[in-house]
Amino acid sequence: MRAILFDCDGTLADSFGLICETMRRCFALAGLPEPDDAATAGVIGLSLDLAIHRLAPTVAADALPALVETYRQAFHEVRAEGGFPERLFPGIEPMLRALASRDDVLLGMVTGKSRRGVRSVVSVHALEGVFPAVRTADDCPSKPHPAMVLECCGDLGVRPEDTLVVGDAIYDMQMAVAAGATGWGVAWGAQPAEALISAGASGVSATVAELTAALDLWLAGAPVASKHA
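Its first residue numbered -4, the sequence shown is counted upward by one per residue in our numbering.
Source of the hints: derived by calculation from the structure; they are not laboratory data.
Hints may contain errors.
What the hints assert, rightly or not - Per label pair, the in silico range of CB-to-CB distance: (1) Asp134 to Arg97: 20 to 28 Å; (2) Ala204 to Thr53: 39 to 47 Å; (3) Pro187 to Ala95: 25 to 33 Å; (4) Ala34 to Asp157: 30 to 38 Å; (5) Ala58 to Gly78: 25 to 33 Å; (6) Ala121 to Gly216: 17 to 25 Å; (7) Arg110 to Arg49: 16 to 24 Å; (8) Asp32 to Asp134: 26 to 34 Å; (9) Gly86 to Asp134: 27 to 35 Å; (10) Gly152 to Asp211: 16 to 24 Å; (11) Ala61 to Arg111: 14 to 22 Å; (12) Leu59 to Arg110: 13 to 21 Å.
These figures come from a predicted structure and were not determined experimentally.
The C-beta atom is built at its ideal place from N, Cα and C for all residues, glycine as well.
All chains, please: the whole structure from these sequences, using the hints.
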């Protein structure tokens, strides 16, 4: 048995606009200079406290919990306004359903989202039962700590060396390496292919079709590489 663990934001769901708008609103409410989208892209994948600290390093540590709560409230407000829906990238849903129907692989989700955020994405897109193992920022230390991967592997009964971690951020790849798993990047998210390879990705897919083909090869036990590797 093998396992594939997916990041959510920027990998499965196109949430970049939602995250950027929420971060701007959070900082504005706190009276801080609003980060630009490029800066926010660089912290996607980290837990909220680390992400906010990276964007506002002069903020005192004891002020971070309040900023995290401000972000969470702003996130739900921005999402409720409807201007930035968390759509799955085209082709992701049928790929996930096809993988979930196989008997040689188990799926999991490893994400910096909150449990509430994951429940929303799963519910909106009717993905209940697709991910037998899920770890969020509420459950484990922030990426690139390997806990999310190791705990999902434990839940699924699959060894890290038989596990592929798919993500769009360097933190996903670093987490995979730290856990003894294989990292595979996607180039439609937060960070470029070259950065993902430098962070330890075995390869990078530019499209969902490329990713689907790479996953099929990996599950068949064939050597997998991309043109970026």
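Report task. Could you tell me which of the hints above the structure violates, numbers in ascending order? Result -> The structure conflicts with hint 6 only, although it agrees with all the remaining ones.
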